[in-house]
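A.B. asks: Take a look at the letters that make up each chain.
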Amino acid sequence: MTESEQKLSEEIKQEKFTRQLALLEAGLYVAGRPLDLKTLGNVTGTRSKKMVRKLAKTLVENYKNRDTALEVLELEGERFVMQLKTEYTAKVRKLSTRPLLSAGPLKTLSYIAFRQPILQTQVIDVRGHHSYGHLKQLEEMELIFREGVGRKRAIRTTQFFADFFCLSHELRVMKRQLKTIFQEADKPEVKAEKIQE
Amino acid sequence: MTESEQKLSEEIKQEKFTRQLALLEAGLYVAGRPLDLKTLGNVTGTRSKKMVRKLAKTLVENYKNRDTALEVLELEGERFVMQLKTEYTAKVRKLSTRPLLSAGPLKTLSYIAFRQPILQTQVIDVRGHHSYGHLKQLEEMELIFREGVGRKRAIRTTQFFADFFCLSHELRVMKRQLKTIFQEADKPEVKAEKIQE
Amino acid sequence: MPQTTKKPFYFKPPLSVLFEIHKLEKVLPWDINISYLLTMFLEEMEQQGEVDFRASGVALESSSTIYLRKTKLLLKLEDPPPPPKTLPDFIPPPMFLPLRYELSSTTLDNLLNVLDEVLKGESIRPPKMPQPILPAPEILPPLDLYLLKIEDHMKTLYAQLYQLVGTGELIAFSKLVAGLEKIEATKTFLILLFLAQRGKIGLWQEEEIEELYITVIGDPAFDGKRTEII
Numbered sequence: 001m002t003e004s005e006q007k008l009s010e011e012i013k014q015e016k017f018t019r020q021l022a023l024l025e026a027g028l029y030v031a032g033r034p035l036d037l038k039t040l041g042n043v044t045g046t047r048s049k050k051m052v053r054k055l056a057k058t059l060v061e062n063y064k065n066r067d068t069a070l071e072v073l074e075l076e077g078e079r080f081v082m083q084l085k086t087e088y089t090a091k092v093r094k095l096s097t098r099p100l101l102s103a104g105p106l107k108t109l110s111y112i113a114f115r116q117p118i119l120q121t122q123v124i125d126v127r128g129h130h131s132y133g134h135l136k137q138l139e140e141m142e143l144i145f146r147e148g149v150g151r152k153r154a155i156r157t158t159q160f161f162a163d164f165f166c167l168s169h170e171l172r173v174m175k176r177q178l179k180t181i182f183q184e185a186d187k188p189e190v191k192a193e194k195i196q197e
Numbered sequence: 001m002t003e004s005e006q007k008l009s010e011e012i013k014q015e016k017f018t019r020q021l022a023l024l025e026a027g028l029y030v031a032g033r034p035l036d037l038k039t040l041g042n043v044t045g046t047r048s049k050k051m052v053r054k055l056a057k058t059l060v061e062n063y064k065n066r067d068t069a070l071e072v073l074e075l076e077g078e079r080f081v082m083q084l085k086t087e088y089t090a091k092v093r094k095l096s097t098r099p100l101l102s103a104g105p106l107k108t109l110s111y112i113a114f115r116q117p118i119l120q121t122q123v124i125d126v127r128g129h130h131s132y133g134h135l136k137q138l139e140e141m142e143l144i145f146r147e148g149v150g151r152k153r154a155i156r157t158t159q160f161f162a163d164f165f166c167l168s169h170e171l172r173v174m175k176r177q178l179k180t181i182f183q184e185a186d187k188p189e190v191k192a193e194k195i196q197e
Numbered sequence: 001m002p003q004t005t006k007k008p009f010y011f012k013p014p015l016s017v018l019f020e021i022h023k024l025e026k027v028l029p030w031d032i033n034i035s036y037l038l039t040m041f042l043e044e045m046e047q048q049g050e051v052d053f054r055a056s057g058v059a060l061e062s063s064s065t066i067y068l069r070k071t072k073l074l075l076k077l078e079d080p081p082p083p084p085k086t087l088p089d090f091i092p093p094p095m096f097l098p099l100r101y102e103l104s105s106t107t108l109d110n111l112l113n114v115l116d117e118v119l120k121g122e123s124i125r126p127p128k129m130p131q132p133i134l135p136a137p138e139i140l141p142p143l144d145l146y147l148l149k150i151e152d153h154m155k156t157l158y159a160q161l162y163q164l165v166g167t168g169e170l171i172a173f174s175k176l177v178a179g180l181e182k183i184e185a186t187k188t189f190l191i192l193l194f195l196a197q198r199g200k201i202g203l204w205q206e207e208e209i210e211e212l213y214i215t216v217i218g219d220p221a222f223d224g225k226r227t228e229i230i
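Chains A, B and C, in that order, are what the protein sequence lines are. Residue 1 is where the first sequence starts when you use the working numbering, and the numbers rise one by one after that. Residue 1 is where the second sequence starts when you use the working numbering, and the numbers rise one by one after that. Residue 1 is where the third sequence starts when you use the working numbering, and the numbers rise one by one after that.
Note that these hints are calculated values from the structure, not bench results. C-beta atoms are modelled at their ideal positions from N, C-alpha and C, and glycine is treated no differently. Mixed in with the good hints there might be a few duds.
[Stated by the list, open to error] Under the rule of at most 27 Å between Cα atoms (straight-line distance), these lysine-lysine pairs were calculated in the DSS-like manner: (1) C:K200 <-> B:K179; (2) A:K16 <-> B:K64; (3) A:K85 <-> A:K57; (4) B:K57 <-> B:K7; (5) B:K64 <-> A:K64; (6) B:K64 <-> A:K54; (7) B:K94 <-> A:K85.
[Said to hold, decoys possible] For each label pair, taking beta carbons as the anchor points, the in silico distance ranges come out as: (8) A:E78 <-> C:G179: 24 to 32 Å; (9) A:S168 <-> B:K85: 29 to 37 Å; (10) B:G133 <-> C:Q205: 30 to 38 Å; (11) B:A103 <-> A:R66: 35 to 43 Å.
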């Protein structure tokens, strides 16, 4: 192969790679949820897992290197997701056309995540009777699930929940991660703000 | 001002600009619909229309210069939108699983689109009293708006509605488009199937 | 007989505590072992072979005072202890979900697919016109026969319209003929024109809008105004 032929072949390869990268980006943008390598392979028309992995990791890096409000993250189980960086959430929440959870159900969710597996009765005791509604909402959004029957039902968070916050799927690890997050949020200056509310 | 002071001031300005640009991007990403300068000004905390325009046009350029599946476009009436480049839509459409609205509100929207401008009372007559809730939801999602006051309020669909379904912004044209597509779907063979059900 | 100056034995410690009544309130009752002191007191008295009833009385009173104080203190201690303050469980701050755009799966087809059903819900429809007795079609076309009965139809439709505007609303033509066959809708339109010509109703339409609106003349809700912009 001559040098110019080699150059051309390189260029074609590069072009294909760029197009596949854009398809992968398109898929993550449209889905709004974590996608696994198989799905991303379908979208990019790539059978090789190795290749899809390379594409996805390149996209993660590309987004890291850009000064942007969006991020592409790798989650457990070689799954990838595109989302808004959390630092911008508060400023643009109201523009979302999708129904979002308000502070009440989110507090119930935090509590469940922190104490899980937890009996439904305990959640109601601590969060009040209105939290029956929260549980329903959280279950509909597939953020929690209930095990067992009747009053003895234990509640746990789903994998979908873990993915949302980029937490481990393993309960012990996740609870340790949450503890760190909540300790951060429980710093004196943050508390002072809360009291003022 | 010394040279180093000037440099520092420039850097601070640049940093502010970058942050505002990211906020604008965040807003457009989350909204998924065209936003006007006023809304974008609220998001970026900028009162000056000139400044918001500059930010938005910069973002349009930034996206143009990237080899990406997403684009930021300027639409009529100085509105800006972030969207997937149409060439990628077909390839990834199957990844979207979440409907815009549940069945009830969708029916109400469909009826309004077809009969607009339509009196609120007429919508309630046809769709029942529960459709007050639908109207509220549709208004919050900026799919419809109400003109006039009291019982004489007429309801129309918004520009966002037209953009979302790729319909004309001009009412007469849009209604003709809807009618044509609706009649297309109502061909005899389709009707026959319905009767058999 | 020489006067004895010797202090009685009970004025020495530890028995003295029972006999220094003015100090009794100051000592801690728990420091005094009544049983031990009284036994000692009795043994000493027995040893001396002299029974001092006055001293015995004082010892008894002091003992009962100390005993009473002990009892009071004990009762105080036995008050049910306040319930241990259980701290409310720690409720972590709300976790705001990161925002992810998601393309909606709703298409224009979805929107129009439900329209059929909704249009059926346009509940207010004119009652079925009485079917004219049809002559053989080759003699008279059905529409002509219909026109012959125009007066009757006008009355029926006018009554219906009057009833409808009883709610104080405009009547949209589309609503009036919703669910009707095209020929029936056309007939209704013709009768409306006849009614308008007679001044029984008002018809109006805005330039931009395809919808035709009907008002009943003399209806109090519209005070006879024939044009109104919504």
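A.B. asks: Report the numbers of all earlier hints that the structure fails to satisfy, in ascending order.
C.D. replies: 1 and 8
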